[in-house]
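Undergrad: Following the hints, complete the assembly by docking chains X, U and F with the ligands onto the known chain R.
Residue numbers (our numbering), protein chains in the order written: chain R, 1 to 298; chain X, 1001 to 1298; chain U, 2001 to 2592; chain F, 3001 to 3592.
Please keep in mind that the hints were generated in silico from the structure rather than gathered at the bench. Do not take every clue at face value.
[Said to hold, decoys possible] Straight-line alpha carbon distances no greater than 30 Å define the calculated DSBU-like cross-link-like pairs of lysine-lysine that follow: (1) R:K295 with U:K2157; (2) F:K3398 with X:K1014; (3) X:K1296 with X:K1014; (4) R:K282 with U:K2398; (5) X:K1148 with R:K295; (6) U:K2159 with R:K295; (7) X:K1295 with R:K148; (8) R:K148 with X:K1296; (9) U:K2159 with X:K1213; (10) R:K213 with F:K3157; (11) U:K2003 with R:K295; (12) X:K1213 with U:K2157; (13) U:K2194 with R:K296; (14) R:K295 with U:K2194; (15) F:K3126 with R:K148; (16) X:K1295 with F:K3192; (17) X:K1238 with R:K226; (18) X:K1017 with F:K3398; (19) X:K1295 with F:K3194; (20) U:K2192 with R:K296; (21) U:K2452 with F:K3574; (22) U:K2452 with R:K295; (23) F:K3194 with X:K1296; (24) R:K148 with F:K3159; (25) F:K3580 with F:K3068; (26) R:K296 with X:K1213; (27) R:K296 with U:K2126; (28) U:K2398 with R:K43; (29) R:K197 with X:K1148; (30) U:K2398 with R:K14; (31) X:K1148 with U:K2157; (32) F:K3126 with F:K3194; (33) F:K3509 with F:K3352; (34) X:K1238 with R:K238; (35) X:K1295 with F:K3157; (36) X:K1213 with X:K1148; (37) R:K296 with U:K2398; (38) X:K1043 with F:K3398.
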Amino acid sequence: MASDKPIKAAPTAKDFKGDVAPDWCPGCGDFGVLRALELACAKLGREPHEYVTVSGIGCSSNLPGYINTYGMHTLHGRALAVATGVKLANHELTVVATGGDGDGYGIGGNHFVHTMRRNVDLLYIVMNNQIYGLTTGQVSPTSRIGMKTKSTPFGSLEGPVNPLAMAIVTGASFVARGFSGDTKHLAELMYRGMEHKGFALVDVFSPCITYNKDNTFAFFKQTVTKLEDAGHDPTDWKAAVEHSMQWGDEIPTGLFYHDTSRPSLDGAEPVLGEGGPLAHRKLGVTAEQGAAIIKKMM
Amino acid sequence: MASDKPIKAAPTAKDFKGDVAPDWCPGCGDFGVLRALELACAKLGREPHEYVTVSGIGCSSNLPGYINTYGMHTLHGRALAVATGVKLANHELTVVATGGDGDGYGIGGNHFVHTMRRNVDLLYIVMNNQIYGLTTGQVSPTSRIGMKTKSTPFGSLEGPVNPLAMAIVTGASFVARGFSGDTKHLAELMYRGMEHKGFALVDVFSPCITYNKDNTFAFFKQTVTKLEDAGHDPTDWKAAVEHSMQWGDEIPTGLFYHDTSRPSLDGAEPVLGEGGPLAHRKLGVTAEQGAAIIKKMM
Amino acid sequence: MAKFDFAIAIGGAAGQGIATPGNILARICARRGLQFFSYNSYQSIIRGGHIFLTTRISTEPVTSHGDKIDLLFCLNQDTMDRHLQHVAPGGTAIFNSDTIKPGEASEGLQLCPMPVKELSNNNRNKLVQNTVALAGVLHLLGLEFKLLEDILTLQFKRKGQAVVDENVDVARAAYEYSVENFVPYSTPLPQKDKPLAQVGGNEALAMGGAAAGVNFYCAYPMSPSTGVLHWMAENANDLGIMVRQVEDEIGVINMVIGAAHAGCRAMCATSGGGFALMTEAVGSAGMMEIPMVAINVQRAGPSTGVPTKTEQGDLWQMLGASQGDFPKIIVAVTGILDCFNTIPELFNLVDKFQCPGLVITDLSVSEGYATVDPDDINWEQPIDRGELIAEPDNDGEKYLRYRFTESGISPRAVPGTPGHLHVVATDEHDEDGGLISDEFTNPHIRRAMVEKRQRKMESVVSLIDPPELEGPENAEVTLIGWGTSKGVIEEAAGILTRDGIPTNQLAIKWIVPLHVDEILQALSTAKRTIIVESNYTGQFARYLRGETGFDADGHIRKYDGEPFMPHHIVDGVKEQVAGKTDLYVPYQEIVV
Amino acid sequence: MAKFDFAIAIGGAAGQGIATPGNILARICARRGLQFFSYNSYQSIIRGGHIFLTTRISTEPVTSHGDKIDLLFCLNQDTMDRHLQHVAPGGTAIFNSDTIKPGEASEGLQLCPMPVKELSNNNRNKLVQNTVALAGVLHLLGLEFKLLEDILTLQFKRKGQAVVDENVDVARAAYEYSVENFVPYSTPLPQKDKPLAQVGGNEALAMGGAAAGVNFYCAYPMSPSTGVLHWMAENANDLGIMVRQVEDEIGVINMVIGAAHAGCRAMCATSGGGFALMTEAVGSAGMMEIPMVAINVQRAGPSTGVPTKTEQGDLWQMLGASQGDFPKIIVAVTGILDCFNTIPELFNLVDKFQCPGLVITDLSVSEGYATVDPDDINWEQPIDRGELIAEPDNDGEKYLRYRFTESGISPRAVPGTPGHLHVVATDEHDEDGGLISDEFTNPHIRRAMVEKRQRKMESVVSLIDPPELEGPENAEVTLIGWGTSKGVIEEAAGILTRDGIPTNQLAIKWIVPLHVDEILQALSTAKRTIIVESNYTGQFARYLRGETGFDADGHIRKYDGEPFMPHHIVDGVKEQVAGKTDLYVPYQEIVV
Ligand SMILES: Cc1ncc(C[n+]2csc(CCOP(=O)(O)OP(=O)(O)O)c2C)c(N)n1
Ligand SMILES: Cc1ncc(C[n+]2csc(CCOP(=O)(O)OP(=O)(O)O)c2C)c(N)n1
Ligand code: SF4
Ligand code: SF4
Ligand SMILES: [Mg+2]
Ligand SMILES: [Mg+2]
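Chain R extracted, bound-state conformation (with noise of 0.2 Å):
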């Protein structure tokens, strides 16, 4: 669990390590998310308890119990449900969720389109492994046309549903894609992710180094690319579309779509426009209110 260490001015990556030694497997690509977050959440400057970490089930998932922020470990599948709700009861906190691709793409799949579509102002951060890992290797939306794992031994037959591409169609103001291997790159990702006010998605190739034998580091490191490095401009929706698709021997990462036209959910919500957070208001009705109600019911 995290602790409560007095923390100095400018917290440090350090001051979000969290007490309990992750349980994942050595060599487990989610190692290199976490570090990311801890360096990004560092990079953004507020302190620890400002930040609230939710996630789903799934080994990825247990990722808010390794790190120093607040945190909550839903059901399978919810997190964004729930990170909806804690951003909106109280939008000054920085709220990042994060799960497996089986958690957000598979059961959670239409929390993730209606979020995205209401631009609810959260980094979320899919450990994209193309299988489900703690459920010991099944195939995941993710997967490939072909895979065989324990519950396709015979290879899958459904076509794996494509994030990004979703994401942008769908109205996520903020879409990239990173890779463990390149903790620098991605924690990059992660904190222009946070820093924008919307939803941002950061997908990440995080080999599950013991379920998946197709899509390893060794895999993504032949393949993965720089969007930066081509030139993309991320406010480009139809070259974002474009390279979203993109698959095979390059596979992009990177920032593949920026809006920053469409104002956050809890920016546009007229309930939020004064008084701060929610969480913090008096509760209850005046007599005042109270009595203007019974007056339209007389």
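TA: The following block gives chains X, U and F with the ligands in isolation, referenced to the frame of chain R:
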């Protein structure tokens, strides 16, 4: 309910007319959709008992009660899951799923995404009236920002989903949009969708004349255009995506995208390779099969 | 003054504008200080379909729509055909004689045909018949025309003087016609001093939420709970309540849990099918120990069932909401004012005990309307958030979210509070929130944590009011009900007592925890006990026996979708007293 | 021959390869015709974490992992430290003396240190210690080396003769070392005539499905039910079963319902949290009257809980699955072979009564392994699809899907059948499937349809076996259990009887419907009744009292995640017989 009229050699649209008069508000867009489906079924030429119409819950989801085919009026949001079960159990049936925008893109959004990537051979007709009709007029996932409804009396703050764009990037192999004010055109899209081997979406502008004062027949009559007229090539993926994003003075209808290269799920599934529909096969395990299984356990 | 007890029923097709005359009559009554309860029987169809709105008016509190109709207001032939037979002796049926053929009236019943075309100067507006009939009703009730004139003026003001005049003229002609042709009721509509407010059940739930300090409400529309959403949405900006319509009920409750954990008072409402989707998260709130409230407004099931009809069929679903054992509080509200009062009380309990709170009610109350004395609505409810750490302290001790305490309650801190960082988890955890399942396994901590959670439940029961026998002390019959049936049972017990079968009631409101000792004590001297509930399998009877061992002598059950009327219960008791049956299922006469 | 009863426990960290020696020993036993039951206690963590696999071997049937350890096979220090204390007198602990320090052994306990490095010629493969220890175990059990040689040859054949030789050489050295240094058990591992099969609980559920004719299976992975999916996926192509992994449990059950309606035998399995998501659809199958089967393999709850630990905590969730009243059948399987046999029986019932069938079991059985006599596995199960119209008929009568019949059963037609077009609906409907809610409302048809559905349940109970008292007739103590605890209770009852407290058992398998009369009859003469179950609140005790009024004298409950061992029950009974308590919660000694 549907009746058991004796059927002539070639069924006509009349043969698909159910015994129950629809309880939709007079003037509801769904009448046109029902009519178009009757026409499309007749054109496809199969007999009424070879079709199964599966719906969720909503005004639009009452459709199976009014058409003379086998029908299932299932749970709100679950039509596609149930329809997939029906299709895989008996892949010789023509399976049509119908419902509303709330049913399909709201609560049913996750099944929508995953049914598309599986390319299940279904025709999915969504009567998209941009409102929750049956529950007397709340905001829907396709309502525009600013729309005032009973649940958004100060105007909706949430960006609508774009079902066509989602479908195109998520693996639907036939993506179309129709307008219930143009029954003939709509029937043709439905017919082609049923003929297509794979997942076919026909999103239909089907105005709710009682609760949606924005997206009316008049509104669509003024704005709707046809992709055929614009010379759009439905095999052109990029153009399809671009057209799907069009909204405003001109809103395209017609066939956006058509991909015949991917096998449908029942086509790819080895278990269905031979032996006919599962539902007709002999049940159980033979003594030899059983012995082989036990042998591995000894 | 003798008790005035009068029921007006308006019947017609959906879309014929029943609501307007219904509202006008209700408003007239409420302003005169009369009490009423109204029940609207309708179908799940937007236009067309039969609607039948019964408003029962009295000088005394009214808690059910009663047994009889005194005035039948027919907007179509259907209403005449179906309901004329239900009009009580001395009653009246009023109708448009241009389009509706009168039925055969039994002795002593006055038929009031209104020649609408003639009276309205051939006005072709379909709603004009409502105005005409309303004018007739005013005369029958002994009310002055001025009352209607004022109301119509207010109503049509926006449309200009010409429209006002036209309507007032039609109404006046109709009123005069009635004066000439129809005999008014011998007792005119009484007048009392204090005007009352009219409140719907769903509104009362929402208002109770507002009074409890709910500042986060979300929902997915579902009849018959949608009224709560509509009220919340309407009042969101004025009251500073975040109101969201979410993609589905799973999203709803998880969003509520997130908001509740972050410090809001958060609530949601749905009906049975939506609640089914919420159950997994109810368990997660139990495990993470996050206080929140979910309301299930029951409708007739199973499954989609009959969305616009009532039943008490979801009790076992509520009891069995989510896998495993965990503390939760379940309360079945007993009436409209109780809707308002229960929500703040429940929020204080769930905040204190850090667990989910579930409210169970049904269409018969949630879509009913009743008068409430505005002074009985206390907006300034006490708010007790329990052991909530919202401000940083500096006690130097390591903060443990799930500290083992004697009461089982561990002080809770909201995210954002310095010095109290922790993770809440749906996996079993240790005192610090560390996972038992993933990091290590320890059956001893597991057992201690189960016991810590369950320990919380022990003291809940001491903080809530036990049920009490109401009615004659040495009753022949004790009726046991739960939740919404309280009012109708009370009335039936009164009738039975008058009829020579002294009858009292034990109305159960708190379902979990159940006042086992108090219930057994109350029933220990009961002579004949009969459980009354709206479902087939006797869900409450079986639950009660499971928790207390108590076995009732008989049962009255209804599951046809329509709520109990007092005589259904009266008849059922009489049959049982006569030894004819120990399970009575009333026949629903009024077919809608 | 005296009863042979011997337990081997292998402990180590996840990733240390416990499974291999475990499997080899199990296979040796099964091939010798010995029976065993094994329980694997592990954590929800992929690598690292403690695993402890207990295999109890006997010449007689074994239904629990027992109370003692005779041979402790340590793969790491942790195992030595935690478990040496649990080794029975006369037992042995074997371990790699290079890396593991022996604990303090109590009197009469043989410590068998194996110098792995030396014996393996400094082989650096981490798994070599398993082979070394295994060789030692073979000697201790009085088995010839040849047995291991053959197994290793088979195992490493694929890797070439060099690897085979290397492994066989190490094993031989270890075997010889053991012969020189350790005293074998006085009774060698017996040999019986007939080789047995080893079957896991999840496998048995899947095999039972296959035998029942399940040709549509889908699932979303969830421990501890995922084994069913794995078996089905592996055998899909051979057996012609459509197996699909779906996006979530809601999709799973709705797909199953679609396939079932279209004529397949369709099944799914999950655990508590997944089942929570399925509940809404269970009600829809009840309403549409579609036969299908869903399995809930319980794990320790609430919520995510302890995914790799066991509990019987979901009973009320199953009972309360979905809103409203509707017929459903719930069966709690009692052991591994019963898993296999129950599924075909249940499918015949749900096909006959056209309703959902729910199976409840838990990790203790689903992830357990036991030996089964292959002749006890009858693949050719009778298949009765009830009143299913799959072929067109020409009786000229209008087909009514929900025809009111005396039995409540209406013949069902699958889509595709000419002449039987109809719509099934989750809304309440009339005989023809027409909606009551939307087209019209009719409380009389509504009532008749509720009664038609419920009528089906009346005859179910006559078709299933009632529970019977097993054990001494005039017992002092009657233990009542449900589902998976049957085996361990049976053993505890035997021990108690031997210890002078004659004890028998009433094991309940069919939960809904419940054999109320037979249960009351069986318990009517019981002297002291104690309900044994794995949860905190006594879910079964409360249910039993609710349905039958029966109140037990005492309770034994466990909710720490580990399954009952026989002595937990024995101790609990003794405490209660001594009058010390009426609620006994055993202490879990073996901490994993
Ligand atoms: C409702 C529900 N269904 C199923 C599960 C079981 N479950 C736990 S984690 C998981 C999937 C894990 O995959 P992913 O989200 O990709 O995470 P990873 O372990 O690969 O990081 C599943 C199916 C659950 N906990 N809850
Ligand atoms: C689980 C569940 N939640 C909510 C409902 C209530 N409900 C019925 S129809 C509907 C939405 C209808 O909207 P749509 O699907 O767009 O259909 P329309 O009526 O507009 O044709 C809702 C929310 C339900 N039946 N089940
Ligand atoms: S199983 Fe895979 S995803 Fe899970 S911790 Fe191990 S490597 Fe990581
Ligand atoms: S409410 Fe709207 S969608 Fe429903 S039937 Fe009427 S017009 Fe059609
Ligand atoms: Mg994954
Ligand atoms: Mg709609």
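Undergrad: Could you work out which earlier hints the structure fails to respect and list their numbers in ascending sequence?
TA: 3, 22, 32 and 37
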